[in-house]
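Dock chain B against the given chain A, drawing on the hints supplied.
So the protein lines, in turn, are chains A and B.
Position in the first sequence (from 1) plus 6 gives the number in our numbering.
With our numbering, letter number 178 in the second sequence gets 170, and the count goes up by one each step, no holes.
It should be emphasised that the hints constitute simulated quantities derived from the structure, not laboratory data.
Small disclaimer: the values here were computed from a predicted structure and weren't measured.
Every residue gets a Cβ at the ideal spot worked out from N, C-alpha and C, and that includes glycine.
Honestly, I wouldn't trust all of these hints.
Said to hold, decoys possible - Taking CB as the label site, the calculated pair distances span:
| # | chain 1 | residue 1 | chain 2 | residue 2 | range |
| --- | --- | --- | --- | --- | --- |
| 1 | A | Pro198 | B | Leu34 | 27 to 33 Å |
| 2 | A | Asn226 | B | Leu34 | 37 to 43 Å |
| 3 | B | Tyr77 | A | Leu163 | 51 to 57 Å |
| 4 | A | Phe20 | B | Lys54 | 50 to 56 Å |
| 5 | B | Lys125 | A | Ile156 | 38 to 44 Å |
| 6 | A | Leu230 | B | Leu40 | 32 to 38 Å |
| 7 | A | Ala240 | B | Glu150 | 57 to 63 Å |
| 8 | B | Ile39 | A | Gly60 | 24 to 30 Å |
| 9 | A | Leu228 | B | Phe171 | 46 to 52 Å |
| 10 | B | Leu172 | A | Ile156 | 25 to 31 Å |
| 11 | A | Phe144 | B | Leu34 | 43 to 49 Å |
| 12 | A | Met47 | B | Tyr77 | 36 to 42 Å |
| 13 | B | Asp75 | A | Asn226 | 53 to 59 Å |
| 14 | B | Asn28 | A | Phe20 | 22 to 28 Å |
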Amino acid sequence: MSLTDISLTEPSLFDTVKKQFLYKLKGRLGLFLAMMGVQIMGLLFSLSGASSHGMGDNFLYVSVNEFSSDLIIWFTFFWIFVVAVLITTKDYQNIDFTFVANRLSSHLSNVGFLITAAVIGGVTAMLSGTLLRIVIYFIRGRYMLSENFITAPEVVLTGIAVTILYLLLISALGYFCGVLVQLSKVFIVILPALYIGTVDFLARELPVIVKVYNFIIGENSLALLAVKVLITTALIYACSCVLANRLEVR
Amino acid sequence: MATIDPLLVILFMANLLILVLVILFVVKSGCFSLQNKIQFWLIAGYILLLLASPVVIQMLPKENFADERIKKVSEKDLYVQADLYTIAQGASPEQIKGVFVLEQWEFPYNGSMLNVVVRPLYEYDAVIVVERKDSADGKIEAVNYASKPIVELIDLSEIMKPHKVALDGNVLKVTAPEFLQIELGVFRNEFVISQILGDTELESAPWRHGSQLIYLRVPADVEVQSEASVHFVEKQ
Chain A
7 MSLTDISLTE
17 PSLFDTVKKQ
27 FLYKLKGRLG
37 LFLAMMGVQI
47 MGLLFSLSGA
57 SSHGMGDNFL
67 YVSVNEFSSD
77 LIIWFTFFWI
87 FVVAVLITTK
97 DYQNIDFTFV
107 ANRLSSHLSN
117 VGFLITAAVI
127 GGVTAMLSGT
137 LLRIVIYFIR
147 GRYMLSENFI
157 TAPEVVLTGI
167 AVTILYLLLI
177 SALGYFCGVL
187 VQLSKVFIVI
197 LPALYIGTVD
207 FLARELPVIV
217 KVYNFIIGEN
227 SLALLAVKVL
237 ITTALIYACS
247 CVLANRLEVR
Chain B
-7 MATIDPLLVI
3 LFMANLLILV
13 LVILFVVKSG
23 CFSLQNKIQF
33 WLIAGYILLL
43 LASPVVIQML
53 PKENFADERI
63 KKVSEKDLYV
73 QADLYTIAQG
83 ASPEQIKGVF
93 VLEQWEFPYN
103 GSMLNVVVRP
113 LYEYDAVIVV
123 ERKDSADGKI
133 EAVNYASKPI
143 VELIDLSEIM
153 KPHKVALDGN
163 VLKVTAPEFL
173 QIELGVFRNE
183 FVISQILGDT
193 ELESAPWRHG
203 SQLIYLRVPA
213 DVEVQSEASV
223 HFVEKQ
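Bound conformation, chain A alone:
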């Protein structure tokens, strides 16, 4: 490529997004290392079991300890939320200035990065469940029951699909929160307060919260869940872009 080509050819949006996306993926490997860390941490915490119940008499006490990799999946959710917030910070946004880029290409490459992170996170979180089963098999030895131990491929794939959908939704929410915080630091206080006050523990019985809960968590059809999550995610990203443009104007 000659000097003339560089100065005269304006790269297409797709090319810029692609270049930015690949650069970000390469430059942010540490974020995936963090994912590995939280998943291993979740796996270690899961070794003690999720719940236990038992019965006994003077001679024999039998308890059944239930294991699950739910904690690994929850930890991966937290990881992607933090990642989504992090990539909206100035340190990470500065990567974009190494390219001829505009705000849209920056957003699109960030979204691409988060989608990739969700896919990798979803696959690894579910497969960590299989790794957990193997570890527990060797630790617990002769008193493990075979029920749910080997999961059919279609069941694992369903789990991966649902986990990816949740990760997409949570990453979009994280990105939105990150953009809000960039808009005004007041949101650092408002957002956690809003979360604790309305979504989490104090207002679980608010009709609107119950409706949101049923809309996503209460959905039993994978296809409908996918449609709902993808539309919601797209809307949240669109809102983030609009808000971020305000940031640019300021």
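Chain B in isolation, oriented as in the chain A frame:
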């Protein structure tokens, strides 16, 4: 919806905070400054390990599972009446379904008085049933009957420990079995799976206690006395 313990809320928030700090620590500090190549291979190694795990899990020997190794019972067996206490009320042990002999002893005895002691006396309720035989055959027969403990349709009777029964002079000492604690482990499907495919709950069959009883057959000319509670029954 159920109310949530505030302590759990605090613990949850503390965990969340620790988790965020761990992520930030890994991202911002030492690990992040690792060379790109090392980071890449660490992540690639982890993903390869995870991808290999579905293959490895298929290769694990199935016969090591408790429900493969230990006999399973049908739900029908579970509802077979095995109330050992009806023996203390005079029912014949052989006629009660689900009752089996865990251990038996026979002692030659020429005395006229037998003192039955139970150890430890106040820590468990030993059920001792005494039947006087028709003849003075000079033999004390002791049988440890038991009913099956069943958990998740697994018959745990083979791991039950019997009582210890020993005759020393005119004292028959009945010692409680060694206390056993068994912790079974089972996997529950992840919530992301049960949201779509429904819950795969454990076997809904109820659990059943196993119980034990010591049945003594003493010669016709032997009187039995004991500090513990002993049930006398007529020969069936």
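Original post:
What are the numbers of the hints that this structure violates, sorted from low to high?
Top reply: 5, 8, 11, 12, 13
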